[in-house]
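Chemist: Residues per chain are reported as follows:
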Amino acid sequence: MRNGLRQSMAWLHTWSGLVVGWVLFAVFLTGTASYYKPEISRWMQPELRREASLGPDVLARAADLAVAHLQAHAAGARTWFITLPQPDRPLLELFWRTRPGTPPGRAVLDPRTGEPAALRETKGGEFLYRFHFELNLPPLWGRWIVGGCAMIMLVALVSGVVTHRRIFADFFTLRRDKSAQRGWLDAHNVTGVLALPFHLMITYTGVVTLALMYMPWGVTAAYRGDAQAYFAETGQITQPRPPAGRPGTLAPVGPMVRQAAATIPGPLERLTVANPRDANATVVAVFEEPHGLSHEHPQVAFDGATGAVVEVRQGGLRPAAKTFTTMVGLHEAHFAGAALRVLFFLCGLMGTAMVATGLVLWTVARLPRSGQAPGPGWRLVHGLNVGTVAGLPAAVAAYFLANRLLPPDLAGRAEWEVWAFFSTWLATTLAAFLPPPRQAWSGALVLAAALYLAVPVADVLTAAAAWDDPAWFLGFDAAIIALAACLAIIARKVARYEAPRRARRDAAGRPAPGAPPAAPEPALHAAPGPRGEGADARLGRA
Amino acid sequence: MSHRRAARADILGRAAVAGRVVLAAGGGYGIAALATALLSLTLPLPRSEAVTAATLLSVAVMVGVVVAVFAARSLLRALVGVGAAGLVLGGALWLVAGAIPPGPAA
Chain A
2 MRNGLRQSMA
12 WLHTWSGLVV
22 GWVLFAVFLT
32 GTASYYKPEI
42 SRWMQPELRR
52 EASLGPDVLA
62 RAADLAVAHL
72 QAHAAGARTW
82 FITLPQPDRP
92 LLELFWRTRP
102 GTPPGRAVLD
112 PRTGEPAALR
122 ETKGGEFLYR
132 FHFELNLPPL
142 WGRWIVGGCA
152 MIMLVALVSG
162 VVTHRRIFAD
172 FFTLRRDKSA
182 QRGWLDAHNV
192 TGVLALPFHL
202 MITYTGVVTL
212 ALMYMPWGVT
222 AAYRGDAQAY
232 FAETGQITQP
242 RPPAGRPGTL
252 APVGPMVRQA
262 AATIPGPLER
272 LTVANPRDAN
282 ATVVAVFEEP
292 HGLSHEHPQV
302 AFDGATGAVV
312 EVRQGGLRPA
322 AKTFTTMVGL
332 HEAHFAGAAL
342 RVLFFLCGLM
352 GTAMVATGLV
362 LWTVARLPRS
372 GQAPGPGWRL
382 VHGLNVGTVA
392 GLPAAVAAYF
402 LANRLLPPDL
412 AGRAEWEVWA
422 FFSTWLATTL
432 AAFLPPPRQA
442 WSGALVLAAA
452 LYLAVPVADV
462 LTAAAAWDDP
472 AWFLGFDAAI
482 IALAACLAII
492 ARKVARYEAP
502 RRARRDAAGR
512 PAPGAPPAAP
522 EPALHAAPGP
532 RGEGADARLG
542 RA
Chain B
18 MSHRRAARAD
28 ILGRAAVAGR
38 VVLAAGGGYG
48 IAALATALLS
58 LTLPLPRSEA
68 VTAATLLSVA
78 VMVGVVVAVF
88 AARSLLRALV
98 GVGAAGLVLG
108 GALWLVAGAI
118 PPGPAA
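Chains as they are written, first to last, in my numbering: chain A, 2 to 543; chain B, 18 to 123.
Incorrect hints may have been included.
[Claimed, not checked] Take a look, some chain B residues computed to stay more than 10 Å from chain A by CB distance:
{"#": "1", "residue": "His20"}
{"#": "2", "residue": "Arg22"}
{"#": "3", "residue": "Arg25"}
{"#": "4", "residue": "Ala41"}
{"#": "5", "residue": "Arg64"}
{"#": "6", "residue": "Ala67"}
{"#": "7", "residue": "Ala77"}
{"#": "8", "residue": "Met79"}
{"#": "9", "residue": "Ala101"}
[As the list claims (entries may be wrong)] Calculated Cβ distances over 10 Å to all of chain B for the following chain A residues:
{"#": "10", "residue": "Glu52"}
{"#": "11", "residue": "Leu155"}
{"#": "12", "residue": "Val209"}
{"#": "13", "residue": "Thr235"}
[Stated by the list, open to error] Some but not every residue of chain B turned toward chain A, in silico, with C-beta under 7 Å:
{"#": "14", "residue": "Thr59"}
{"#": "15", "residue": "Pro61"}
{"#": "16", "residue": "Thr72"}
Note that these hints are calculated values from the structure, not bench results.
The beta-carbon is built from N, C-alpha and C at its ideal position, and this holds for glycine as well.
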């Protein structure tokens, strides 16, 4: 603080970025992968057969089978969630909640027979998607941690913009020839600035998706904390119907499905059954979002006991509610076609790279001087950097690989896949502390590349017989090979890197100390002081 | 001697930074929460719209407070600014919430 605004902001940026950087990297990486969540889920269940189209009669029959299963296995539940079969995913996916504190129940059924589906058990893309905002922790913990990190990222972005004088020039600045530290600083600036509108948008809208959990005080003040009443009044859900407290019998849902499909033109996505054994049971048919930016599902609510329509919700949101649903829609990018989704994916990768280059820059700016051993703080940051930046991609590859290599009928298979993810991540991080820094980087990157390369091999060897659309699966495998190639190129660059000539002259006679190796140029340290302060001050571009 | 003074200034500087971090997090969230509750009750919009608009704005409010806390010339000024804003918002909320008769939740 004693050095003026720009330095204090640079200090804030450096240290807040380091503290949340590892979490943000994980959030960015798994969030970016989640743009392809349906594709990942499909690839992870190659036995699944897609169907051309599913008429209302098929859906109605499937819904009746689902209710029969739930009556038998989840009669005491408060709410049933039934995801109806879709052409891309012709399965009945059931989910039910009994009471707060008890784990929810799940089942996946064949929509023709109502029997458990003959598919390998996996969490698919859903695991990466959930990890993106819950970190595989208890949901409340994960969401608060990710929200706090997102707020810090937002502050870093805004303070970065405010204090940045050369923001336009940074679009075009990448000085690889001066020194490694310059190169990493410029890479951090290019990835940060080029996709800045995306970073601001994705961070703000990301916080907004959970804003009512983080900031419930408006609902507290105006609705006395009744969030359901608030959601219903905004028009995002149908009016909640409290249970009557008397037992009732649920009417057949098949006719309700037919009537809902006749009321609203879009594809029917799921049913929610609230208080299924109460006289005031409610069945809500929820449709896919219609074309457009806004994340809003048309809905038809039925009286569960009589089967009569109670309410139809379709469009007509007021401006603030529409702004909210549009922000959520922008974050999820369900509206994006193939080309736009690639752009979202690339922007997400750029955000991931921005976090990674920032983390690497911290260690490069604080490389130990010649002859000195790195301190415990530096080694800790370096190890966690390698373990996160290279280890997390390796963990995702291990997750895919486990999906193909574990026996399809293994008990608890989905948990074993998740175990493969975390054990690979942990092992990479621990191993990163052992070898010299440069070898740690190239070794971890080679490992990640090898794991990605093994994924298509395992796919072809174990699952090719099950593919319903070989071209699609080969396309997915080609994308995985492209990722392996990127990682291999980076590993090679790290292993063969030589400091630029100017820097090398300064470094003559010293062993290359670190990875990505670079000799810090004394002339670049603008201000004397604690190591790395010069680099910090330059982040603010004095 | 001057070495010790420099070390002391360093520790004081770091303590001031830590103070700002605490003030930015706690004060930023507190101001944002008070502003959200106040705007939810006072914006001239239907009730659900006022709550939605206020909640959407709360993120920007908190970021603004955090940046202001770090931009302030001294920790004391930042503390006075956040405290004054909190008192004004809290007082206004107390008046407004008292003036609105308690109605049904929905």
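Chemist: So, for every hint listed, does it hold in this structure?
Modeler: To see whether the hints hold, each was checked on the structure:
1. For His20/B, the requirement that its beta carbon stay farther than 10 Å from each beta carbon of chain A is met, with the minimum near 14 Å.
2. For Arg22/B, the condition that its CB be more than 10 Å from all CB atoms of chain A holds, with the nearest at approximately 13 Å.
3. Residue-level check passed: Arg25/B sits 12 Å from the nearest beta carbon of chain A, beyond 10 Å.
4. Ala41/B, annotated as away from the interface, has a beta carbon of chain A within 10 Å; the closest lies near 8 Å.
5. Taking the minimum C-beta to C-beta distance to chain A, about 5 Å, the non-interface status of Arg64/B is violated against the 10 Å cut.
6. Against the 10 Å criterion, Ala67/B falls within the reach of chain A, whose nearest CB is about 7 Å from its own CB.
7. With a minimum CB-CB distance of about 8 Å to chain A, Ala77/B fails to clear the 10 Å threshold, and the non-interface call is violated.
8. Remark: the non-interface label on Met79/B conflicts with the geometry, its nearest Cβ contact in chain A lying 7 Å away (cut-off 10 Å).
9. Non-interface call for Ala101/B relative to chain A: holds, since the shortest CB-CB distance, roughly 20 Å, exceeds 10 Å.
10. The beta carbon of Glu52/A sits about 39 Å from the closest Cβ of chain B, which is more than 10 Å, so the claim that it is off the interface holds.
11. With a least CB separation of 5 Å from chain B, Leu155/A falls inside the 10 Å interface cut-off, contrary to its annotation.
12. Non-interface call for Val209/A relative to chain B: violated, since the shortest CB-CB distance, roughly 6 Å, does not exceed 10 Å.
13. With a minimum CB-CB distance of about 4 Å to chain B, Thr235/A fails to clear the 10 Å threshold, and the non-interface call is violated.
14. Taking 7 Å as the C-beta cut-off, the interface hint given for Thr59/B is violated, the closest approach to chain A being about 10 Å.
15. Taking 7 Å as the C-beta contact cut-off toward chain A, the hint placing Pro61/B at the interface is violated, the least distance being around 12 Å.
16. Below 7 Å, beta-carbon pairs count as interface contacts, and Thr72/B has one with chain A at about 5 Å; its hint therefore holds.
Hint violations for this structure: numbers 4, 5, 6, 7, 8, 11, 12, 13, 14, 15, all remaining hints satisfied.
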